[in-house]
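Chemist: Sequence:
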Amino acid sequence: MENQPILSICIPTYKREYLIEKLINGIYAQNCDRSLFEVCITDNSETDETQKLIQNKFSGIENLHYKKVECEGYRNSIEALKLGNGQFLKLHNDYTMFHDGCLAKLIDNVAALAKDKPVVFYTLRGKDEVRSFRDFDKFMYDINYLSTWSSSFSIWKEDFDRLMTDGINCNSMYPHTSLLFAESWKNNFLVDEYGYFYNDQPKKKGGIKGKSGYNLVDNFVRIYLGMVNDDLVSKNLISPKTYARIETNILRFCANSYVRYNNRPGYTYSFDDKKGIITKQCGTRAYMQYCFFELLYRIRKLVKPGDIS
2 MENQPILSIC
12 IPTYKREYLI
22 EKLINGIYAQ
32 NCDRSLFEVC
42 ITDNSETDET
52 QKLIQNKFSG
62 IENLHYKKVE
72 CEGYRNSIEA
82 LKLGNGQFLK
92 LHNDYTMFHD
102 GCLAKLIDNV
112 AALAKDKPVV
122 FYTLRGKDEV
132 RSFRDFDKFM
142 YDINYLSTWS
152 SSFSIWKEDF
162 DRLMTDGINC
172 NSMYPHTSLL
182 FAESWKNNFL
192 VDEYGYFYND
202 QPKKKGGIKG
212 KSGYNLVDNF
222 VRIYLGMVND
232 DLVSKNLISP
242 KTYARIETNI
252 LRFCANSYVR
262 YNNRPGYTYS
272 FDDKKGIITK
282 QCGTRAYMQY
292 CFFELLYRIR
302 KLVKPGDIS
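Per our numbering, the sequence shown runs over residues 2 to 310.
There could be a bad hint or two in this list.
Derived pair list, reagent style EDC-like, types lysine to aspartate or glutamate, alpha-carbon separation capped at 20 Å [to be verified]:
| no. | residue 1 | residue 2 |
| --- | --- | --- |
| 1 | LYS83 | ASP160 |
| 2 | LYS158 | ASP117 |
| 3 | LYS236 | ASP136 |
| 4 | LYS128 | GLU194 |
Quick caveat, the hints were computed from the structure, so don't treat them as lab data.
All chains, full assembly: derive it from the sequences and hints.
Modeler: In structure tokens, the structure reads:
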């Protein structure tokens, strides 16, 4: 494609114009060559605040593309990726900001990978380390439940277009994870730990379009672990050892989230029937493991409240 940028930063958003403005300003303050990247924003808000913000403050930016879309919840991620025309599509949460100087580094690193086109996964952990895997199972063992993170996901445009043409059926809560799992056939996977980004937590979290909030345990235990079982375990794409690691870390994450977010102002997650959900999906032993993690995080909150707030 003529004049194709290297990188598309694909940003799905919903009623977060206050963060979108900060994100856009931060991207363009880095003064990167605008021919090398583009910013693609898809907005499935019912209101017009984000649209007016783009029109009033950023309409003159030639490589910034905005589209109002009608889709439910997290399917907006697919719409954002569709809007991208770069060689490499980086899915990006509207609250994930670039550290100074890191956009150019990201573009350079992507350009160096364009020939081999590996699967690239960004952890946001801030370590100057890149791990390489030739096996999908080992890759999944490494990233485990982080495969749910939107801002960690990326895909080469030619791979994305192929999956769209093939008619991939993406999970409505984890469309990007469906795309990641569909890349299991590749033999080159990179986990990039570098701190290109940081998360500026939104004022409200946990809601989904038209609802006050989703059941976090149901979302991660029933839906996500159900995906892992249906898409990976049943097809022998990951080993029992890898699945056990994913399940344990999901239970740990849910316990941590319960202690951190249950009844916390601004966070509308539900944790209803966590015992029933965990027991049905993973068994009684798994629920006991969850209870152990929850106890540990409660104790940690009492001893070091700043570590869990």
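Chemist: All hints, please: hold or fail.
Modeler: Hints, one by one, checked against the model:
1. Between LYS83 and ASP160 the alpha-carbon distance is near 12 Å, which keeps this suggested pair within the 20 Å criterion.
2. About 13 Å separates the Cα atoms of LYS158 and ASP117, which keeps this hinted pair within 20 Å; it holds.
3. Under the criterion of a C-alpha separation no larger than 20 Å, the hint pairing LYS236 with ASP136 is consistent with the structure, at around 15 Å.
4. With a C-alpha separation of about 5 Å, the suggested pairing of LYS128 with GLU194 holds against the 20 Å cut-off.
Checked against the numbered hints above, the structure violates none of them.
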